[in-house]
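Novice: Sequence order for the protein chains is A, B, C and D.
Under my numbering, residue 355 is the last one in the first sequence; the count climbs by one each step, no gaps.
Under my numbering, residue 355 is the last one in the second sequence; the count climbs by one each step, no gaps.
Under my numbering, residue 355 is the last one in the third sequence; the count climbs by one each step, no gaps.
Under my numbering, residue 355 is the last one in the fourth sequence; the count climbs by one each step, no gaps.
Be careful, since some hints might not be right.
Note that identical chains are pooled: a pair holds if it fits in a single copy or bridges any two copies.
Derived SDA-like pairs (lysine to any residue); straight-line CA-CA distance at most 20 Å [unchecked claim]: (1) Lys274 <-> Asp68; (2) Lys258 <-> Asp180; (3) Lys274 <-> Ala174; (4) Lys258 <-> Arg269; (5) Lys258 <-> His218; (6) Lys194 <-> Arg55; (7) Lys194 <-> Glu58; (8) Lys258 <-> Ser237; (9) Lys258 <-> Asp311; (10) Lys258 <-> Gly213.
Calculated from the structure, these hints are not laboratory results.
There are 4 protein chains.
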Amino acid sequence: MHGRVWSCIVSTGQTWTVGVTGATGYAGGEVCRLLAGHPNLRLAGVHANSSAGRRLGELQPHLLPFADMVVAPSGAADLAGYDVVVLALPHGESAAIAAQLPADTLVIDCGADHRLNDPAAWTRWYGGEHAGWWPYGLPELPGQREQLATARRIAVPGCYPTSVTLALAPALAAGLVEPDVVVVAASGTSGAGKSAKPHLIGSEVMGSVSAYGVGGVHRHTPEMIQNLSQAAGAAVSVSFTPTLVPMSRGILATCSAKLTPGTDTQAARAAYAKTYADEPFVHLLPEGQWPTTAQVLGANTVALQVAVDADAGRLVVVAAVDNLTKGTGGAALQCANLALGLPETTGLPLVGVAP
Amino acid sequence: MHGRVWSCIVSTGQTWTVGVTGATGYAGGEVCRLLAGHPNLRLAGVHANSSAGRRLGELQPHLLPFADMVVAPSGAADLAGYDVVVLALPHGESAAIAAQLPADTLVIDCGADHRLNDPAAWTRWYGGEHAGWWPYGLPELPGQREQLATARRIAVPGCYPTSVTLALAPALAAGLVEPDVVVVAASGTSGAGKSAKPHLIGSEVMGSVSAYGVGGVHRHTPEMIQNLSQAAGAAVSVSFTPTLVPMSRGILATCSAKLTPGTDTQAARAAYAKTYADEPFVHLLPEGQWPTTAQVLGANTVALQVAVDADAGRLVVVAAVDNLTKGTGGAALQCANLALGLPETTGLPLVGVAP
Amino acid sequence: MHGRVWSCIVSTGQTWTVGVTGATGYAGGEVCRLLAGHPNLRLAGVHANSSAGRRLGELQPHLLPFADMVVAPSGAADLAGYDVVVLALPHGESAAIAAQLPADTLVIDCGADHRLNDPAAWTRWYGGEHAGWWPYGLPELPGQREQLATARRIAVPGCYPTSVTLALAPALAAGLVEPDVVVVAASGTSGAGKSAKPHLIGSEVMGSVSAYGVGGVHRHTPEMIQNLSQAAGAAVSVSFTPTLVPMSRGILATCSAKLTPGTDTQAARAAYAKTYADEPFVHLLPEGQWPTTAQVLGANTVALQVAVDADAGRLVVVAAVDNLTKGTGGAALQCANLALGLPETTGLPLVGVAP
Amino acid sequence: MHGRVWSCIVSTGQTWTVGVTGATGYAGGEVCRLLAGHPNLRLAGVHANSSAGRRLGELQPHLLPFADMVVAPSGAADLAGYDVVVLALPHGESAAIAAQLPADTLVIDCGADHRLNDPAAWTRWYGGEHAGWWPYGLPELPGQREQLATARRIAVPGCYPTSVTLALAPALAAGLVEPDVVVVAASGTSGAGKSAKPHLIGSEVMGSVSAYGVGGVHRHTPEMIQNLSQAAGAAVSVSFTPTLVPMSRGILATCSAKLTPGTDTQAARAAYAKTYADEPFVHLLPEGQWPTTAQVLGANTVALQVAVDADAGRLVVVAAVDNLTKGTGGAALQCANLALGLPETTGLPLVGVAP
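If we strip away everything but chain A, and leave its shape as in the complex, we get (with noise of 0.2 Å):
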């Protein structure tokens, strides 16, 4: 390895660069990953807060394309000059950057900070003053995909709410449910990031599923409130428990809610295949056959499936989607895609990873 960066992708057409900080972390690392399957986005440098000056091979050792290349500082001016920016940074730390980049640069956080609208909640949640609300980069909410394509700001959605939204949304906004869901969702531990602490250590995890966050305090509920209650066009209620399960990635969001009268299956099924008949990453599946969080590993998809259940008067909903890929890094280039006028689907995997 002498500097060498191969690259599997013929460029065609227009090339732009990219810069990602937080690049050393499991999110920034899923951007670098994906960037280098994308023909029309190229990584042009990497940052990081702590490991400056650092090898990325060390770091990322599955980045072997990009090993050589050295970890830059993360301030904003280390960050000027590329045409998109891709923040992956604990949150409370975009605002400031991005601020200080030109409005016409793209840039794109990973982060908490934009995704609420309310600076009330925000408040609440993550404490301190709300840093501003960006357009949100879930595409398959209606009219998001318009807003998005002249954005040069975007607020990439938590990888529970997305799982969740795309999961509710339909029935919500049909009225199929009454606004009040429960939500389980299990996690793949790279949902928690890359810091080493005890109750993360393979250890510990491994062989063992557990419970955090429950009782409503996960700070993904005031997104997934936020995103809910604009559709069903009401306040929606949402109790929210979080699982954290041995593997490290994939999220499977076990939804239901009270059927409104009248809901049966058809009713039910045909709402959400006509919501995602023309997406390309949301998968409605057929009959008798449930989401695996493996089928959707490294792919920027979701696998959808809604059943009835009479008895208990209930639709429960399930979605399997990549917290690290449709979950973060894939939605963040969808959405670089969007707003620089290529294919949605531009550079993005459709399969996953499997067995």
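Use these hints to put chains B, C and D onto chain A, whose structure you have.
Specialist: Here is chains B, C and D on its own, set in the frame of chain A:
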């Protein structure tokens, strides 16, 4: 290995012989494992339908002290002569065998045949005619311990119903929640048994979470309804979704229900603390600590925690059990201890195998 | 899903059609996965012996863009008309099919039938008559790339031999070690295929490592001997022990041999650096970094590291590959690229899916 | 939980008190777990350096019966008064503590300080001055059982050396192989301890196998050399490569050496069968069955199998142990049993927790 049977147990007092049928499966194997550590029960014979004549060590390599035992057939005649017979067979096979065993033989059924009180429920969920109800082997339910002390036929609960019943019965009994519950449970793959099905091979389940039996179709649902309705003194509606997670053993059940007016965290904790104060196997964790399946792996214990989500208006209860131990094989021996007049905890592990 | 086939690839230049038989298995599925990202190869048909008539999506849920393709039979007549045919069949089935396909159809066999040069070795290890030797699809071997450029029949190497050959050939070719090697390799379970066997179900493999094929009886042994003897220019003795580890994908091969006089770390690193200097897929890691299978997961890459143990007098080489990608399906497309005159890396992932 | 300490054990005969220091780590936790099932040893105090004052249940959630014990400091004065003291501390900390404990206190060191006979080897591998040799806690070695019966200071072997010594000593002692061995061992992550290091977090280890300590640099190497040289009656060369596999517990050691003339399968099996005929914890499996780590999980047992590879001229021996049980905590109690005059198997699990 020349027919040696090693033991770490010095028997004290009376000893009973035990025959296990279905000993080559996971539930039967777990009963055998636990018998190896029981001072008063001696594994005297192993039986199975399809593997008769083979060494047990071929089929259950972990049962090293019993490796040279030869699997015998599993007809009722083959099971005569034991003090205790444990049936770990597919549903529908227990009743005929039990009918041919002496009335004073202690027969413990790990299968589903005798769990449901209601013949109509049996017929709806399992098909065919109900084989009749047996005393239900969950000593932690009110009055149950006394009933089991004199029973000679005992039905071991299903693994999911054990976790869900212990999680929700106290809240329903105390009127803390409405009788309408939502359960999403994660189970290790041993819950699906030992038969080799394509979706259960390691390559499919590792690194993946999936849902199955969605929409209220899992056969453990009526058993939960039965137990919880009994606790509530009124019909309880249950929405149950099981999921399969990449580990061999363990269930984490996330259960919730609407709060009734006045229920707060203090009231909820008090109800659970009181219910389980004298239970040797059920542990309400200290505030701030959440159950993990690892902490109960291989143990006959249940770890519980409760939270009140005031925003969503729900009580959330999380329970962890090992589906094979407290969920099946350990429960079988706990019941045997009671029925034989032994201390209830005799020979049962109280510490999980972690990490 | 109404027959849509989504793609993230904008085809440029010539396109070839590809038919894959054995498409419902793991090797065939991996070929399909990679074809979804290949700009010049189009998956035009999927075939299999036993699943003809079923939707591909039922059998390979991760191949979402191809879910509505219907599996066709796998006779030679069914495979006519493609530009490229990939055979991913059990050994013994390839030769008869290939013989009936036009000589100018590019046929790539992922099975074992045509890997061995020596008919006697074939008969000893596989039984029956040898079907004849095809150009061996490991372009990293000296002179092999040129041979593959004009081939129309190509035998993809076995997964273990790929890792072991790339790990040891440079040292043997340079005379750094004696021609007597010891290999212990850990493999994920997908290497054992998709058939449901009792010892491969998730409950058995999770949390467990086991050895199999011990004592020189694994069928990949003669292939290693063939390749390494060719590299050494002399007969090489190989002691090979495969082990099964709890993950779906990946091989980590730990290889060692006695040092010849004068071999030190510097000489060893120099030999490997020189051999692989221009190889796009083979990475000698920097000193101090050791291969992990995660870093090559889903990628067509190999990660290598070497160490000299002066006390024990041995060179130790560790190699990581994904058994399904560089170990099978990726190698197949790498060879197709060469045989079709495309850049060798076209459409092949260079970045592992980690974490 | 109001200070209850439940037990499933009816104590019979004499009881000794045990203090465990390092009780918050994995080795110390395993000793506590096993004490919960021991009829004659009572966990009377738990100690640790950095967690003094905290509830044990916070740090070791699986030790439910001991959850309310408070961690005490780990100075020598804190450890006075126990009949038995188990040290589970980082190397270098045991000698000073032991020197201050009464000579008739049974002190069992799970660390490395006293395992090596040779002060020069200690200094080379661990640095500093050797604290002196203690009787070596591997009763299965010739003459060792007698020595341990009267010992009051015992050094528990390392986990890798336990597996490798039991795997290879019989062959070396019988002259079946040359004194030049190659070992590749797979270990679960608990072998790396409980400290949170980035490469040990779940996201990094799940789905991945990696090598470490390659090239003869692992500190367990001199201990293997010591034991095997003693068995062979001559200096033995050891090439040792450890690998990390995605599971919490277990070691699978694959060991091989060149056959001496005349060694065949029958001779090899006979030597192992004879050596371990009366050992309660070591199981030579029947021909055709290979060890799995699952079969010894949580048990104090070792599963062994041998094969002769006539082509490669090597004997291959595979051994499975649980690194925390027979590899550490179980061995500690096995030695305590011997030193206290109890039956050697008292309180030790003989059955693995599988599946």
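Novice: It remains to establish, for every hint, whether it holds in the given structure.
Specialist: Outcome of the hint check:
1. Taking identical chains as interchangeable, the C-alpha atoms of lysine 274 and aspartate 68 lie at most 20 Å apart only when they sit on different chains, with a minimum of 18 Å there against 47 Å within one chain.
2. Taking the shortest Cα distances, lysine 258 and aspartate 180 sit within 20 Å of each other both inside one copy (7 Å) and across copies (11 Å).
3. In this assembly of identical chains, lysine 274 and alanine 174 lie within 20 Å of each other by CA distance solely inside one copy; the values are 11 Å within and 45 Å between copies.
4. Within a single copy, lysine 258 and arginine 269 get their C-alpha atoms as close as 16 Å, which meets the 20 Å cut-off; across copies the closest is 28 Å, which misses it.
5. For the homomeric pair lysine 258 and histidine 218, the shortest alpha-carbon distance between copies (19 Å) is at most 20 Å, but the shortest distance inside one copy (23 Å) is not.
6. Taking identical chains as interchangeable, the C-alpha atoms of lysine 194 and arginine 55 lie at most 20 Å apart only when both belong to the same chain, with a minimum of 17 Å there against 28 Å between chains.
7. When the C-alpha separation of lysine 194 and glutamate 58 is checked against a cutoff of 20 Å, the pair qualifies only within one copy, where the shortest distance is 14 Å, while the shortest distance between copies is 23 Å.
8. Taking the closest pair of Cα atoms, lysine 258 and serine 237 come within 20 Å of each other both inside a single copy (12 Å) and across two copies (12 Å).
9. Both within a single protomer and between protomers do lysine 258 and aspartate 311 lie at most 20 Å apart by alpha-carbon distance, with minima of 11 Å and 18 Å respectively.
10. In this assembly of identical chains, the alpha carbons of lysine 258 and glycine 213 lie at most 20 Å apart only when taken from different copies (19 Å versus 24 Å within one copy).
The structure shown violates none of the earlier numbered hints.
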